[in-house]
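Engineer: The lines below spell out each chain.
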Amino acid sequence: MTHDALHPAVELADPLLVHPVTIKKMTWETDDTFTLDINLGEVAQDYTFRPGQFNMLYVFGLGEAAISISSDAAEPGTIAHTIHRVGTVTTGLAQVKRGEMIGLRGPYGSSWPIDAARGKDVCIVAGGIGLAPLRPVVYALFRERKAYERIILLYGARSPMDLLFRVELEEWSKEHNVEVLVTVDRGDSSWKGHIGVVTTLFSYLKIDARATVAYVCGPETMMKYTIDELERRGLHEDQVYLSMERNMKCAVGFCGHCQYGPEFICKDGPVFKLPRIRPLLEKKEL
Amino acid sequence: MQAEDLTEVIRQHPFLADLSKVHMEVLVGCASNVHFAEGSYAIREGEIANKFYLIRTGLVALESVVNARRRIRIQTVGPGEVLGWSWLLRPYRWHFNGLAVAEVRAIALDGECLRNKCENDHDFGYEMLSRFSRVIERRLEATRMQLLDLYTTTPKVKK
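Chains A and B, in that order, are what the protein sequence lines are. Quick note on our numbering: the first sequence kicks off at 167 and runs consecutively. Quick note on our numbering: the second sequence kicks off at 668 and runs consecutively.
No lab work stands behind these hints, which were simulated from the structure alone. Model, not experiment: these values are computed from the prediction. Even for Gly, the Cβ is constructed at its ideal location relative to N, Cα and C. Warning: the hint list may mix true and false statements.
Said to hold, decoys possible - If you only want the chain A side, here are some residues facing chain B, beta carbon under 10 Å, derived:
1. D328
2. T349
3. D394
As the list claims (entries may be wrong) - Output of the computed footprint for chain B on chain A, the stretches with three or more beta carbons under 8 Å from beta carbons of chain B:
4. 329-342
5. 356-367
Unchecked claim - A few chain A residues facing chain B, derived, Cβ under 7 Å:
6. V252
7. D351
8. G353
Could you put together the complete structure from these sequences and hints?
Structural biologist: Printed below as a string of structure tokens:
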């Protein structure tokens, strides 16, 4: 692997070694999505991650799942994962109690190249659970707020009940030179906000195409439409980064479960610069 | 509001921002300022569609009436967007309700007045249809994406 902005040189002592960690707190974000705060215990001292990376979480007796890290990379000791309960392992993770032990190995994969946005506007576009791996980006941008210009966060979810991090979204929207626009695909009469897919939010924005970096994460179809919108507004593909998702097993590029054309999502991704991944996005067979 | 002021307001709206001076003069005669309080309806399904609106501020939710007790909100139209194209096509009736979910300020354009002007000046008519075609295309694209229900996942295990 070559090292670049997405893949800084980081050596994992033993990439397949599972570390025992304990559950510090569990918070249900929606009906089927929860955040696990994990106490890293004895590995805390050596553990660092970059926004966009993921860990393999191991429920003993059930198996492992790749889960993005959703907490602040600058907060030591504890990390958080926001998890959609959808399979056996994630259901197992939903049942662990405070103080119980699970296994963790990682962090793995490429990260959002936040330095690429220094001195520029940042446009973050998230759909559904895709907001989770982008949350550490927001934390990093706020940590060095003066290094970046305007921050735009466009977030779409299925319904108001499916919105993640509602309190934080509200707090972020109050910050200077930050625009947070939220929409839902389906809204009832109690919902006073936008209804429509996330790309419709671009109608309410003027984007300085020459000075904007975009980070996009969500279902692939949503990301394709988002790329169209960004390009309609003049962004070049070099200014756009995506986070991809595939079924990951080994997380280090050995097993091939997450192979996507010539790429291994676990090792070469999950974060890609658009030109690298675009030819694959356009292939229906993959 | 004077015609010159109204022209300036219309020119600031993205839908007509780059309209030629000649066409703007044709259009402004059909325009008026309107306001809808929160909770009031800008348009109602089944009623005659004799206007369209350039939304300046606020938010309108498009609702489809399922039955007497049930309405589904399909999308919202906000600042910088256009509400309504049923005035363009027979039978000139609204297909949705348009509920102001936040106080709305808009420019209303008289549909019959515009249709007559489009008939009399085909260049102007083409300009209007081109602009509305773009709006319709974007809405269709958004609807297609909405129908895909991208964020739903079928749990692989029972809850």
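Engineer: State the violated hints by number, sorted upward, taking the hints as numbered earlier in the document.
Structural biologist: 4
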